[in-house]
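Input sequences plus hints: build the corresponding full structure.
Going by the numbering used here, the first residue of the sequence shown is number 52, and it counts up by one from there.
Quick caveat, the hints were computed from the structure, so don't treat them as lab data.
Owing to the predicted nature of the structure, the values given are computational and were not obtained by experimental measurement.
Backbone N, C-alpha and C define an ideal beta-carbon position, used for all residues, glycine too.
Take the hints with a grain of salt, since some may be wrong.
[Said to hold, decoys possible] Across the chosen pairs, the derived CB separations fall in these ranges:
{"#": "1", "residue 1": "L182", "residue 2": "F242", "range": "43 to 53 Å"}
{"#": "2", "residue 1": "K250", "residue 2": "E134", "range": "30 to 40 Å"}
{"#": "3", "residue 1": "H239", "residue 2": "P106", "range": "48 to 58 Å"}
{"#": "4", "residue 1": "K250", "residue 2": "P130", "range": "14 to 24 Å"}
{"#": "5", "residue 1": "D224", "residue 2": "S307", "range": "40 to 50 Å"}
{"#": "6", "residue 1": "R154", "residue 2": "H247", "range": "37 to 47 Å"}
{"#": "7", "residue 1": "A169", "residue 2": "S295", "range": "35 to 45 Å"}
{"#": "8", "residue 1": "H161", "residue 2": "P106", "range": "16 to 26 Å"}
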Amino acid sequence: MQRTRTTPPGRGAERQGERLMWLTPHRVFYAGLLGAAAERTMGGHGVCVSPAGAPPIRIRIGGGAWQSGELIVVPPHVPHQVESAHPLILSLIIESESVDPARMPAFLQHCGPVDAPAFVQRVRDAHAHLLAASARGTDFEGFDFDATFFGEALAPRALDPRIRKVAEAINADPAAPMSAEECAASVHLSFSRFLHLFKQETGMAFRAFRAWKRARSLLRYVRQSCTLTDIALDTGYPDSTHFSHSIRQVYGLKPSDIVAGSRRLALHDAAGGFRQ
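So this is what it looks like as structure tokens:
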């Protein structure tokens, strides 16, 4: 996602003030460095858009042939590698348990390059709007994420109340050492029934869901001054080795590269305010 690298002089995307991340409980918008990312596998619906005037983004899905386009869509848990000749990339993550995949906009129900020029322009316009608001010091609390990027709320996924309770608990504190056995007991289900129902309802196995939420929580720490070891422990990893391995699987980058590439990123975190 965010490794710093040398860029030819005059590239507008390197100007300070164009990098921004907006975090909400079930959505992420990131406008920043892509970096030299290896293959990655994310737990949410991924969307990548090239900035206006930039070359198309390149993607390779599961080790297949390279494809390119100004809009790339990747479903959850699909291994892929993304490259861009332009340093800035616009991307969104939509948490899979928060939306009904069958009722998502048609262009989001694909995998790979998609032709949806109106949506591409909407994302670029939203980026400009959010940059202007951020430069004024405006808090994003009054903005609606889905309305900003999609023009309407995405249809929510209907979850069994017991599974929703567990998912919300993990979202609220991904670092908590909650085992599947403990979660099953908390909603009065047998262990095997809980695991089956969790995957049926969310589309993700329990362990994969928890691992993704833990890795996603790193994004809240990219502008903090603490050490990587501190971040690893705060996000629930037993040590920095497990932390680094998990983050590289999810993002295709080392944690140190993600943090280094976020130094000039304006971070708007719905749970933790604004840091510039």
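Item to check | Violations among the numbered hints | outcome: 5 and 6
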